[in-house]
Structure formats: structure tokens, C-alpha cells
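Residue numbers 14 to 911, in my numbering, belong to the letters of the sequence shown in order.
Simulated from the structure, these hints should not be mistaken for laboratory data.
There could be a bad hint or two in this list.
Said to hold, decoys possible - Simulated DEER-style distance windows between Cβ atoms:
| no. | residue 1 | residue 2 | range |
| --- | --- | --- | --- |
| 1 | ALA890 | LEU532 | 39 to 45 Å |
| 2 | LYS388 | GLY882 | 51 to 57 Å |
| 3 | ASP706 | SER492 | 45 to 51 Å |
Claimed, not checked - Calculated lysine-lysine pairs in the DSSO-like style (CA-CA distance at most 30 Å, straight line):
| no. | residue 1 | residue 2 |
| --- | --- | --- |
| 4 | LYS670 | LYS720 |
| 5 | LYS445 | LYS575 |
| 6 | LYS388 | LYS344 |
| 7 | LYS250 | LYS670 |
| 8 | LYS139 | LYS192 |
| 9 | LYS668 | LYS575 |
| 10 | LYS445 | LYS691 |
| 11 | LYS196 | LYS250 |
| 12 | LYS535 | LYS691 |
| 13 | LYS250 | LYS139 |
| 14 | LYS192 | LYS277 |
| 15 | LYS907 | LYS807 |
| 16 | LYS720 | LYS674 |
| 17 | LYS720 | LYS535 |
| 18 | LYS668 | LYS807 |
| 19 | LYS720 | LYS807 |
| 20 | LYS720 | LYS541 |
| 21 | LYS311 | LYS344 |
| 22 | LYS445 | LYS479 |
| 23 | LYS575 | LYS344 |
| 24 | LYS535 | LYS445 |
| 25 | LYS311 | LYS182 |
| 26 | LYS445 | LYS541 |
The beta-carbon is built from N, C-alpha and C at its ideal position, and this holds for glycine as well.
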Amino acid sequence: GNVGETKGSGDGTDDIEGNVAPREGANAMTGDGLGLGASTWDGAEVAVGAILFVWACIFSAPADEGIGEETMKSGRDKEKENDRCISSHMQTLHRRLLHALNLGTRHFDEKTNRSRWQCANIEVQKNVLRSTGAFLDSLSGDARAARHAVVKESVPDILGALLWILQCKSEALLSMASKVTVKLVSVLPIPLLQSQHMLDLVYCLSSLLSSHQVEVAIPCATALKLVISNLSATSEKEVMEALKETEASIQIVGNIKDFAEGAKKIEYFEEMTLLLSTILWRWPPSRFPICNDVILMKVLANIQSRTNSSIKLALLKLYTSLALCDSVARKLIEDGEVFPQMFVQAMGKSNPHAVRIEGFRLAQCLLRSQDNCLKVIGLCGEALVGAIICGMRETGLSSKKIGNNHGSLSAEACQLALITRWAGDHHTNFWKQGIDRVLLNLLIENIQDQLFEPVLSLEKQIYMAKEGLKSNYHLGLRSYLWDILGWLTIHCGENLNPYTHGNNPQQFSREVTNIRGQLVSKFQEICKSNSFSPGVRWYVSYILTYFRYYGFPNELAERIGKSLNKEEYSDMNLVIATGESLSVHIVILAVRCPSLLPPRLLPCRKNSKVITDKFVRESTREVRLSSYVDYEALVLLLEYVYLGCLHASEETARKLKILAKHCNLQPLFQMLHRQRPKWGTPFPSFNLTSSLDLAGSCYSDVILEAKSNELVGWACNICSVTVPHKHVHKVILQSGCDYLQGLFRSGMQESHSQVIKVDISWEALCKLVQWFYSDELPDPPSGCLWDNIDDEEKLFNLQPYVELYWLAEFWLLENIQESCWNVIMSCLDASWQLSIKIIKMAYNLSLWKLVDIAANLMAPSYCQLRDSGELEEFDDALVHLIYSASIQLNQERKKCFR
14 GNVGETKGSG DGTDDIEGNV APREGANAMT GDGLGLGAST WDGAEVAVGA ILFVWACIFS
74 APADEGIGEE TMKSGRDKEK ENDRCISSHM QTLHRRLLHA LNLGTRHFDE KTNRSRWQCA
134 NIEVQKNVLR STGAFLDSLS GDARAARHAV VKESVPDILG ALLWILQCKS EALLSMASKV
194 TVKLVSVLPI PLLQSQHMLD LVYCLSSLLS SHQVEVAIPC ATALKLVISN LSATSEKEVM
254 EALKETEASI QIVGNIKDFA EGAKKIEYFE EMTLLLSTIL WRWPPSRFPI CNDVILMKVL
314 ANIQSRTNSS IKLALLKLYT SLALCDSVAR KLIEDGEVFP QMFVQAMGKS NPHAVRIEGF
374 RLAQCLLRSQ DNCLKVIGLC GEALVGAIIC GMRETGLSSK KIGNNHGSLS AEACQLALIT
434 RWAGDHHTNF WKQGIDRVLL NLLIENIQDQ LFEPVLSLEK QIYMAKEGLK SNYHLGLRSY
494 LWDILGWLTI HCGENLNPYT HGNNPQQFSR EVTNIRGQLV SKFQEICKSN SFSPGVRWYV
554 SYILTYFRYY GFPNELAERI GKSLNKEEYS DMNLVIATGE SLSVHIVILA VRCPSLLPPR
614 LLPCRKNSKV ITDKFVREST REVRLSSYVD YEALVLLLEY VYLGCLHASE ETARKLKILA
674 KHCNLQPLFQ MLHRQRPKWG TPFPSFNLTS SLDLAGSCYS DVILEAKSNE LVGWACNICS
734 VTVPHKHVHK VILQSGCDYL QGLFRSGMQE SHSQVIKVDI SWEALCKLVQ WFYSDELPDP
794 PSGCLWDNID DEEKLFNLQP YVELYWLAEF WLLENIQESC WNVIMSCLDA SWQLSIKIIK
854 MAYNLSLWKL VDIAANLMAP SYCQLRDSGE LEEFDDALVH LIYSASIQLN QERKKCFR
């Protein structure tokens, strides 16, 4: 029925007879305002009703307690407060809106189980749009009114009407309807719009982005941007799926390209670009494909030269969203000098405040990695530092005079100044441009006035600093300022070597002796762990030199070190002048210390044509060293080569310095001289993978052969065997695998075989060998790279880890097994569809733990998989396992709802 219809004026006011028109479904108020029924009652009924009502009000609450009175007051107060939220003008506009909506019809949709507003009359549609626009205008700026119950009840009808009008796509009304949609999503709180209607609106707006009417496309882009910006976490996934289905990103990219070719409004480019940046910000998988659009990137590069500030701002926001992906950030930096100069210029003082802010944010995303930072510094380092200093100085007047805009600008500049954490030429630029004065001004208020005083004593300076820091001046910037100061100090380049005086070095000798072993052990653990930064590990290695430990402990080195001074698998003896000899392995020396090898044995001197498929070793080679080589120093040098570190007295360390210098072992030479590490220098790694190349393979004594499969174009550069294989070394394999060590020592036929067949694919074999020679298992693609490959390629990347997980259990490789399990779980969590293929593979390999996990992941989709026929290829036992997991999942869900 019609809600809110009245006699007379039609706006809900009293009619000409003085009676208020009754509403359907609610008690209408009579002229006396008692709410006892319709206005058609006679006088006696009204009088009786009034007496009963007053009597009930008097006797329902005792006067001595007043509880009922308080309840009634609170109810009346709440009603009055709600009425105050909406003015009489708003109520009038709301009634007109309802009257306009009632001119349409409501059709029940069985699919969605909802009623949908419909009306084919253009005049009625126009009336609804005008009424909706006027009502929303009255709510604009009044947050309390926008949350009123009357507004909440009207939202579904308003959304339904807007959806119908937009879907009709009447060119005469599309522009008007899209503008009203912008008002709707900007005025009403987004939580009120979180419904299926809202999702339908996203579909509808997305389909209109490519409209030839600019007046339609612009507001549709604006409305979508507002919706996406304020999405809740629960509805984000559904909205993003809707944008993916409608190919919104592709449409927007096409619109941006059209803007470059045609003569469309600047506002068109601005809104499309801002919408695209909003989508990229909330939807990471879309960043990489957008950056790979060569034509789009060229269009954006051409637009960079435009001076319009709104275009600059939109462009910077788009680049910022793209640069959140590390791969994209690296690609943007590598494109040349123009792009770095563009964002550095955007941070300059000649630009509007909003442009400068976005310029700083873009720079922060681009310079997150050390490589990118150093490349930009090499191209425009001085200008970059100048822009940062200028931004930090924006707060140099007075804390009371600084507005929020200046405060945010200085915060962005300080955050960008954290590029001081990396060593480089920019540190010199920071000092030249007065970073010390800028930091002081930001830490202590009015420091400039105090510095004009006569020469201050140290005590006075300390007092001034303490008092200044107590004032909480620029408290929000403090964390940045202390970090910047710390990084500047670390990289200042001065050889500070402070000493403490007055302590007796023998006073705590007993306590130090007791904890010495624990301390050294802890430091060595830090050196071995990749979870610490290279700088920390360098300094810990530097500290260990004072305990007479020199070098860089490593897990792989510990394994390889077990072969030191053992004749097993050794192929060379080092003989000194006294006749003493040491058994070594050429492959290890070739990687770790090639200076100990004669030139004729160096891998780089070998001609690949000479290297044939000959695997039987020659007799052990003997190399005589110079009489100047000290035996004790040589033993320690080999200890470093095999173990990565050594322990030596001060006297022996002096002898070793000469040998380390001649062998060009620079990291060891630096530690022996206790040279303070330079921050930013890569930490020395123990990696033997270089021995797998053509030159190093000439010392191979065994082959690992993968499963026989056809690899197009595969060929070995060393031998003529066509099955995919790797030329490897027993000394390295047995150090990392007890199973292989037992096999080589067993004396059985397999121990003398030159080929070991491994029942895994070529891709899995490559990863296995990589772990043996580097103690690192290669990771599969991740992030946006993983999201942008299809399921078949994802399976191709994941399958080797499943094979290695199976092999690790057989070969007793616990570290590989754990690493592979973590990779498999992370991939399945990101792409559960892979479980359909992985569960069959795991079932065939008897990996029951993985079978259970995959079955649980498939359980929610059991019915769809069954109906689609995808389970027909599975064994009955496997289907039953998935079915059982589905039943268990349903039972757990029922328990949660009880």
C-alpha cells in the first residue's frame, strides 16, 4: 500500500479539515495527540480512552520508587532525540521520496528471495532520482541523521530503485542516476550499504565504466572508488570477485588509453586513474598484469610531462599502488632516469601540498630495497636528499604554527629519510645539506634562539637537551628522528674507537671465564642464522675475533668440515717442505680457495672439449708447496676453507695473515686484522653451487639421474647420456645425507656404480642438488607472481616439493622434509584447487599426512566436485576419504551454530 499518503497538501501536513491523515500499518494520532486510534472515533470513545490512558500512567509506577517513571522518561527522551536528529524538512523530503517510490511496483525475485523495485516510466524514474537526490542532500554533513532508523529502512528501496534505473540504461537518465549514486555512497555510512543490493550496484557501475557518455563514466568511477575505499574485510572478497568478473581493470586501462588519444576532460583521466589505484591498493594480484601492459606504461610516461596538478596527483597515486609490488617497483626504477626524476621533482616545494605528500609516499614504496635505493641515488641522489631535507624543514617554525598538513608532510619526509639505513653517497649529501641542524630543530623547540647565547658549558648543554626533550616537541616524529640519527652514526665513516678507563681488567676474570663458552656458542648461532641481518652477523663475527675465533660459522660448512683431513674421496695431497702432507678435495678448494691449486688443475683452465664422460679418477694428485708455507698456518687455513671459521692463538694468527693475503681470502684477512666491518657489506656465504658448472664438473665422481622423461632440448655439455642427470661429488653428497653415506661405504654393487638413479623428476632433482651444495631449498614463485600464473603452472611448480617430501622421508633428510612441507602448505592455503591434483599424487606416494590435509581442503567443495564429475577418476578409497572429511566438516559447523 501507499505509505505516507495524506489529504490536501500531499506533503504530510494537516488537511483542510484539521485532521491528520492516517498512515497504513501505524497508529495515527488524533487531534488530541493521545494515539488512541483513528480520527473517526466519536467524542465519548475519545473521552473514555483518555481517562483510561491517564489512569494507567498514574497507577503503573509507584511514586516512592519512580522506576516506571524513569523508564517512560527514557523512552520518551529517546523518541524526542530521534525526532531531533531529523528535521521537519528532512521528514517532508523523506515522505516525498516514499511517495515517488510507491509509484513503482515491487517484483519478487525467487533467485535472490528479495523484492525488486521496477518501473518502466521515465518520468517516474526521474521523479525518484530527484526525490532521492534531495533527500540525500538534506542528510549531507549530518552524521547522526544519516544513521537514523528511518534512513536505514529506506536504504534497500533506494538502492533497488537506483539499480533498476541504471540497468535500464536510458541515456536521458544515466548521467543523473550515476550522480545520485555518488551522493548515496558518499553521504550514507558504508556499513548501511553492505548487502546484496550493494554487490549488484558494484556489478552495475562496473559495466558502465566504458560508457561513451563521459558524464556517466566519471560519476560511476567516483562511486566505485568510494565503495572500494570503505570496504569492510568481510565484503572485500565478494566485491573484488565482482570487479574481476566484469573486467573492471581492463575497462579502466582502456579508458586511460582513450584519454591519451582523444580530447576528454581532465576529470575523466583523474577519476579513472584514482579508481584504478584504489583497486590496485586493495587487490594485490592485479598490480603485476597492469605493469606488464606496455602500451599503458608508455601512455602514463607521456602524461608525466603535463603540468596540471590534479593529473600529477592521480598519476602519483597510481604509481604508488603499483610500486607496492616489489617486482613492479624494480621494473619502474630500471626503466631509466626519467621516472626517478619525476617523483623526486614531485616532492619539491614548487608543487601543491597534496602532490608533495604523494611524491614522498611513492618514493617510500620504490626505495624499500637497497638495490632500488642505490640506483636512484646514482641517478639523482643530490636532488632526492634535497627534497627530503626541504620536507623535514617544513616544521621548522613553531609547533603551534604548524598545521596538520605540514605535520603530515614532515612525517612523510622523515619516513623517507630512513634510506640512511643503507650505506652510500647519499650520506655525504645529507651532511652537506645540514641534516644535523634539521634533526636538532625537530627534537628541541626554539633551539635556534638558545644557540645564539655565549659559549655554553657541557653541563649547560646537557641540561638544555634534557629540558628540550621533556617538552614533547614533535612527539610523533621522535621514532623516525632517533632511527635516522642512529643510521647516520653507523655510516658516518669515522674510525671511532672509544676506550673506557679506570677498570681493573682482572677484576672479573673468573666470571668471564665461566660464561666464555656460552657466549661464544651464542655468537656462533647468530652467525649461522639467516634470520639476522648481514650487519648484525658481521659485527658478531668481529666480536668473535676477540675470543680468537676467526671466520663465519655456517651449517653447510659444519657438514663439509667433517671431510677435512680424511683420505676418503680425497683426490689431492698438499705436501710441504718438511714432508708432511694433508689430504684435500679439489672440488672444495676450487670453490673456496683456488690459489692452493696448481694452474693446470684450475677449473677455468680446463677446455670443455677435453672433459669427456670419464668418471674413473686418476691416481691421487700430489702438489708440493713452497718452503715458506708454515704447516700450522696451512692447517688453520684449510680449517677455514672447510669449516668457514677457525680458532687460533695470536701468534699463529700472525703467521696466517701472510698466507690469507697470498690466497686472496679477503674476508678472513679482514677478520685476522680485526678491521671493523663496513655496514652494508654482504655477509660471506659458504656456497658450493659453482662447482656444478661445466668447469667444476670435471672433478665429478658420480651421477644423479632423474626419472626418464622427455625434456625438449635437454642435452648434457659433459657427456652423451640423454636421460636428465647431474654430475655431482660424493664428498658433498655424503656430508649431507646419512643414507648416501651408508650406500657409498656399503661395499655393495651400488657403492661402486657411477650412476645413482633417483625416482624423482628433473625439476625436483635440480632442487635437491641445490640444497646439497648451498643448504638452501629454492622457493617457488610467490606474491603477485604466484597469483598471476594459472593452476597448471602452479601445479608444475609445486609438484617437485611433493616428490622431495617423499624422497626426504626415504633418505632421512629431515631439513628438506620440513622445508618442503612448509612450501606445500603455504601453496595449498593460497590455492586450494591444487588439492585435487596433489591428493592423487600423495595417495600414490603413500603420503597419508598430506592426503588428509588435501582431503580437508576439498571437503567444503565435495558436492560441487561430485556433481561436476571430477571425482570419477579417483579411487573409491580416496573418494570415501574426501566424503568423510566433508561429513566431519558439516558436523563441526552444526556444533558451532548450537
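Each hint tested on the structure:
| no. | hint | verdict |
| --- | --- | --- |
| 1 | ALA890 with LEU532: 39 to 45 Å | violated (56 Å) |
| 2 | LYS388 with GLY882: 51 to 57 Å | holds (53 Å) |
| 3 | ASP706 with SER492: 45 to 51 Å | holds (47 Å) |
| 4 | LYS670 with LYS720 | violated (49 Å) |
| 5 | LYS445 with LYS575 | violated (53 Å) |
| 6 | LYS388 with LYS344 | holds (12 Å) |
| 7 | LYS250 with LYS670 | violated (62 Å) |
| 8 | LYS139 with LYS192 | holds (13 Å) |
| 9 | LYS668 with LYS575 | holds (25 Å) |
| 10 | LYS445 with LYS691 | holds (21 Å) |
| 11 | LYS196 with LYS250 | holds (24 Å) |
| 12 | LYS535 with LYS691 | holds (22 Å) |
| 13 | LYS250 with LYS139 | violated (34 Å) |
| 14 | LYS192 with LYS277 | holds (19 Å) |
| 15 | LYS907 with LYS807 | violated (34 Å) |
| 16 | LYS720 with LYS674 | violated (46 Å) |
| 17 | LYS720 with LYS535 | violated (43 Å) |
| 18 | LYS668 with LYS807 | violated (55 Å) |
| 19 | LYS720 with LYS807 | holds (21 Å) |
| 20 | LYS720 with LYS541 | violated (35 Å) |
| 21 | LYS311 with LYS344 | holds (13 Å) |
| 22 | LYS445 with LYS479 | holds (27 Å) |
| 23 | LYS575 with LYS344 | violated (44 Å) |
| 24 | LYS535 with LYS445 | violated (41 Å) |
| 25 | LYS311 with LYS182 | violated (34 Å) |
| 26 | LYS445 with LYS541 | violated (39 Å) |
Of the numbered hints listed earlier, those contradicted by the structure are 1, 4, 5, 7, 13, 15, 16, 17, 18, 20, 23, 24, 25 and 26.
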